[in-house]
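Participant: As a plain string of letters, each chain reads:
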Amino acid sequence: MARNVTSGRKTINTLAAWAIGILIFFPILWTILTSFKSEAQAISDPPIFFFFDWTLENYSVVQERSNYMRFLWNSVIIAGGSTILGIIIAVPAAWSMAFVPSNRTKDILLWMLSTKMLPAVGVLYPMYLLFIKMGLLDTRIGLVIVLMLINMPIIVWMLYTYFREIPGEILEASRMDGASLRDEIIYVLTPMALPGIASTLLLNFILAWNEAFWTLNLTAVNAAPLTAFIASYSSPEGLFFAKLSAASTMAIAPILLLGWFSQKQLVRGLTFGAVK
Amino acid sequence: MATQHSRSAARLMLAPAVVLLLGWMLVPLTMTLYFSFKKYLPLRGDTLSGGLDWVGFENYSRFIGSSAFWPSVQATLLIVGSVLVITVVLGILLAILLDQPMWGQGIVRILVISPFFVMPTVSALVWKNMFMDPVNGLLAHLFEFFGAEPVLWLSEASMESIILIVSWQWLPFATLILLTAIQSLDSEQLEASEIDGAPILKRFWYIVLPHLGRAITVVVLIQTIFLLSIFAEIFVTTGGAFGTKTLTYLIFQRVLESQNIGLGSAGGVYAIILANIVAIFLMRIVGKNLDK
Amino acid sequence: MGQIVLSKVKKAFGDVVVIPPLDLTIEDGEFTVFVGPSGCGKSTLLRLIAGLEDVSSGSIQIDGRESSDAPPSKRGLAMVFQSYALYPHMTVRKNIAFPLRMAKMDKAEIEKRVDNAAKVLNLADYIDRRPGQLSGGQRQRVAIGRAIVREPSAFLFDEPLSNLDAALRMGMRLEISELHKRLDTTMVYVTHDQVEAMTMADKIVVLNAGNIEQVGSPLDLYHKPKNIFVAGFIGSPKMNMITGETAAAHGAHTIGVRPEHIDVSDSGGTWSGVVGVSEHLGSDSFFHIHETGLADMITVRSGGEVGFTRGDRVSLTPRPDMIHKFNEQGDRIS
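Protein chains in written order, with my numbering: chain B, 30 to 305; chain Z, 51 to 342; chain C, -8 to 325.
What the hints contain is simulated information worked out from the structure, not anything from laboratory work.
The structure presented is a predicted model; accordingly, all values stated were derived computationally and were not measured.
Even glycine gets a Cβ: it sits at the ideal position worked out from N, Cα and C.
Be careful, since some hints might not be right.
Straight line, CA to CA, 25 Å or less: simulated SDA-like cross-link-like pairs of lysine to any residue [what the hints assert, rightly or not]:
{"id": "1", "chain 1": "B", "residue 1": "Lys162", "chain 2": "Z", "residue 2": "Lys88"}
{"id": "2", "chain 1": "Z", "residue 1": "Lys252", "chain 2": "B", "residue 2": "Arg38"}
{"id": "3", "chain 1": "C", "residue 1": "Lys1", "chain 2": "B", "residue 2": "Lys293"}
{"id": "4", "chain 1": "C", "residue 1": "Lys85", "chain 2": "B", "residue 2": "Arg38"}
{"id": "5", "chain 1": "C", "residue 1": "Lys1", "chain 2": "Z", "residue 2": "Gln54"}
{"id": "6", "chain 1": "C", "residue 1": "Lys85", "chain 2": "B", "residue 2": "Glu194"}
{"id": "7", "chain 1": "Z", "residue 1": "Lys88", "chain 2": "B", "residue 2": "Arg38"}
{"id": "8", "chain 1": "C", "residue 1": "Lys(-1)", "chain 2": "Z", "residue 2": "His261"}
{"id": "9", "chain 1": "C", "residue 1": "Lys65", "chain 2": "B", "residue 2": "Arg38"}
{"id": "10", "chain 1": "B", "residue 1": "Lys39", "chain 2": "Z", "residue 2": "Trp255"}
{"id": "11", "chain 1": "C", "residue 1": "Lys95", "chain 2": "B", "residue 2": "Ile199"}
{"id": "12", "chain 1": "B", "residue 1": "Lys145", "chain 2": "Z", "residue 2": "Met81"}
{"id": "13", "chain 1": "C", "residue 1": "Lys172", "chain 2": "C", "residue 2": "His183"}
{"id": "14", "chain 1": "C", "residue 1": "Lys172", "chain 2": "C", "residue 2": "Glu18"}
{"id": "15", "chain 1": "B", "residue 1": "Lys293", "chain 2": "Z", "residue 2": "Lys252"}
{"id": "16", "chain 1": "B", "residue 1": "Lys293", "chain 2": "Z", "residue 2": "Leu91"}
{"id": "17", "chain 1": "C", "residue 1": "Lys98", "chain 2": "B", "residue 2": "Leu158"}
{"id": "18", "chain 1": "B", "residue 1": "Lys145", "chain 2": "Z", "residue 2": "Leu134"}
{"id": "19", "chain 1": "C", "residue 1": "Lys(-1)", "chain 2": "Z", "residue 2": "Gln54"}
{"id": "20", "chain 1": "B", "residue 1": "Lys293", "chain 2": "Z", "residue 2": "Ile157"}
{"id": "21", "chain 1": "B", "residue 1": "Lys293", "chain 2": "Z", "residue 2": "His261"}
{"id": "22", "chain 1": "C", "residue 1": "Lys217", "chain 2": "C", "residue 2": "Ile324"}
{"id": "23", "chain 1": "B", "residue 1": "Lys39", "chain 2": "Z", "residue 2": "Lys88"}
{"id": "24", "chain 1": "B", "residue 1": "Lys162", "chain 2": "Z", "residue 2": "Gln239"}
{"id": "25", "chain 1": "B", "residue 1": "Lys145", "chain 2": "Z", "residue 2": "Ile157"}
{"id": "26", "chain 1": "B", "residue 1": "Lys39", "chain 2": "Z", "residue 2": "Pro249"}
{"id": "27", "chain 1": "C", "residue 1": "Lys98", "chain 2": "C", "residue 2": "Ser126"}
{"id": "28", "chain 1": "B", "residue 1": "Lys39", "chain 2": "Z", "residue 2": "Ile160"}
{"id": "29", "chain 1": "C", "residue 1": "Lys95", "chain 2": "B", "residue 2": "Ile215"}
{"id": "30", "chain 1": "B", "residue 1": "Lys145", "chain 2": "Z", "residue 2": "Val69"}
{"id": "31", "chain 1": "C", "residue 1": "Lys103", "chain 2": "B", "residue 2": "Tyr216"}
Derived contacts from chain C toward chain B, CB cut-off under 10 Å, selection only [as the list claims (entries may be wrong)]:
{"id": "32", "residue": "Ser74"}
{"id": "33", "residue": "His80"}
{"id": "34", "residue": "Leu91"}
{"id": "35", "residue": "Ala94"}
{"id": "36", "residue": "Arg137"}
{"id": "37", "residue": "Val265"}
{"id": "38", "residue": "Val266"}
{"id": "39", "residue": "Gly267"}
Produce the complete structure using the sequences and hints provided.
Facilitator: Structural data, given as structure tokens:
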């Protein structure tokens, strides 16, 4: 039930919340603004907020110099590939655990989650070695596999929590109606779980896109995604604020938009249903 | 609730995920364990095909005995602990504020959640250069404006800087989860306590905070998992200098920079043990949630 | 065409035996009700017939075909679930058409059958809505519609009315009985409500802890309960059970008399007692009689015009031909 609040208090709430919101968002805002400045105006003292000469020059320079599109394409392939592959493997697994639970189901789920906690650095060299042996170093397929594996527990868990909310009787009804297992998953389960599957896709795409340990350590040139592209701006290019900002904006913009859409699912996804 | 048909179908459909994860866990882990008992310095001519010398627990004792080990554990714990305190405390305050009636709540939510979606390398670089640069950084301008001496953030206040950057990245996560938990609080319960005449601080202490208990635990544990292995933020900003070398980073340096695989692997085993201690607690909590 | 024969069917979950081996034949066209208290295994038995669970041993024959290992989709049965189990993402039309689509029937035939079912069940007005927009009773009809379009050899109902309110339940009870008369197809119906069982069934199967206590027509069970369990379960208010000397005088360990088979009067009866709570329904009156020396309480049902009140001392006379006798094991004597 709604509580009556004086409009005075509402105004104060609004002002405070907006002030803090803008403060937290400010580094992103500042980066976006700076990306449209000339290098001189980017470092001008005192800083200029809005009244500068807006330019798109930085974007074209960044694209030409670092071949941004190749990094972007790598990011899309790696994040997208690992997520889709992960979902294809995880949907049947989640179906099994949600609808045909055995007394080991819980242990399997927890064990899967525990692999997520394996510190990457602990197995860095073996992975490095395996990648060299198998010719996967600096390849997109190699990263697709690794990111699929590190995100698999989250994908399985998210799907599992969504599937569990679907009443088993409905799936049984479809069996009575003559549906095969394949029909049941395609015509009944998937459409009913579509919102959940979509947010699982979205969240894992974001996680894979931002992953910055394996992508930095297992790539060099060919398969390097945007995380590596940005890391290459550490120095000395980092001192060119406008270009750095343009590059940063290009790296985060797609994912920021996706993130805004999926923020509600984020909570359940990342807490494995412990907070709803 | 199942037949033999569906049970065998279920096993078949579960198998790929289990086999893949089992391989992902066991193969590299076994190799790390193996290397941790060997002398393996590729730059000095040690090769896998040439055979490696068994050194027993020497790597373990050397890793722990090195002058960099304890500082790295301290740095790790300091970063994890500080970020946890900052994000949870600010997260609760922010969540309470965002739960109040206001105009444009949806937009504020989007503003607040945004840093979470910024990739770690970008946020580290943006903070390092555009905010913390001692000459052209925005913070330097701000300090000058107030007549203060600009700070050499990443060398003189390196730890604080890293904590600031990482907290900025994780505050949205904490806020969002705590906000969700607050919104599930029964408003009748709060109203009842209001009628009972409980002052606002007491209401917070006795009703809101206990209700948030579970959400806080989840935030703490999940963040701990991720924070124990932060890498890009340090890689891009200080490169492990100025006392910011965490355990993760130390191992990374042993393995990739000094190419001492045996030593690094022993460090890796320590890191795995540390993570597992945390993991056990998280498992308990998530496991309990499963039973409901 | 829709005969179902269970022979030595047993179901165990691990070490827990839910249904000990049992035999049962459900004849073609018969309306059979499984009734029993919750946890008696009646739903499990239905799910075994449906193929949603497999039997631990024994065999199930449907239409003379051995079906114990057949998946649910191959058994030619249709089921109506307690929660209705409609597909929330499909309209009523698509819900009803789903089994036909799975059977790869051609479009024109599907449409014909769906329209026909909609007419029979009065679904036409909301045929393009989704289940979420329907009331409980409407959902129930859609679930039945989805079952009848397949023209199954038998219908299975799993407590289909338990989510409806009392008034609707009565109406649906009649509709299902009507449907059975019209389709003349075997129906197997699970309920915990003995009134539903008595009013709808051709044949009632009383289950307790997985065992079949008795199989028979409603009146069979009422007049000749095989044991104390059935005697107590069928009929409302419950049969009065009397042990001790009074029973021994009848040559039994326990005797049972239904409340409606005891006459109550001012004086001159076989037994006497003091009226406690009395309930007047208008058509009937129920008296709870204490201090009879027979049992804690004897319930008596009499005409609405009988007007004893609390504290009255009354006389009770059981009708001699309506006394049920049971031995020490609880089984009926003679």
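Participant: If a hint holds in the structure, say so; if it doesn't, say that too.
Facilitator: We went through each hint and held it up to the structure:
no., hint, in the structure
1, B:Lys162 with Z:Lys88, "holds (20 Å)"
2, Z:Lys252 with B:Arg38, "holds (21 Å)"
3, C:Lys1 with B:Lys293, "violated (48 Å)"
4, C:Lys85 with B:Arg38, "violated (51 Å)"
5, C:Lys1 with Z:Gln54, "holds (15 Å)"
6, C:Lys85 with B:Glu194, "holds (22 Å)"
7, Z:Lys88 with B:Arg38, "violated (67 Å)"
8, C:Lys(-1) with Z:His261, "violated (54 Å)"
9, C:Lys65 with B:Arg38, "violated (66 Å)"
10, B:Lys39 with Z:Trp255, "holds (23 Å)"
11, C:Lys95 with B:Ile199, "holds (20 Å)"
12, B:Lys145 with Z:Met81, "holds (18 Å)"
13, C:Lys172 with C:His183, "holds (23 Å)"
14, C:Lys172 with C:Glu18, "holds (15 Å)"
15, B:Lys293 with Z:Lys252, "violated (30 Å)"
16, B:Lys293 with Z:Leu91, "violated (49 Å)"
17, C:Lys98 with B:Leu158, "violated (59 Å)"
18, B:Lys145 with Z:Leu134, "holds (20 Å)"
19, C:Lys(-1) with Z:Gln54, "holds (19 Å)"
20, B:Lys293 with Z:Ile157, "holds (13 Å)"
21, B:Lys293 with Z:His261, "holds (20 Å)"
22, C:Lys217 with C:Ile324, "holds (9 Å)"
23, B:Lys39 with Z:Lys88, "violated (66 Å)"
24, B:Lys162 with Z:Gln239, "violated (62 Å)"
25, B:Lys145 with Z:Ile157, "violated (33 Å)"
26, B:Lys39 with Z:Pro249, "holds (20 Å)"
27, C:Lys98 with C:Ser126, "violated (29 Å)"
28, B:Lys39 with Z:Ile160, "holds (19 Å)"
29, C:Lys95 with B:Ile215, "holds (16 Å)"
30, B:Lys145 with Z:Val69, "holds (15 Å)"
31, C:Lys103 with B:Tyr216, "holds (22 Å)"
32, Ser74, "holds (5 Å)"
33, His80, "holds (5 Å)"
34, Leu91, "holds (9 Å)"
35, Ala94, "holds (6 Å)"
36, Arg137, "holds (7 Å)"
37, Val265, "violated (51 Å)"
38, Val266, "violated (48 Å)"
39, Gly267, "violated (44 Å)"
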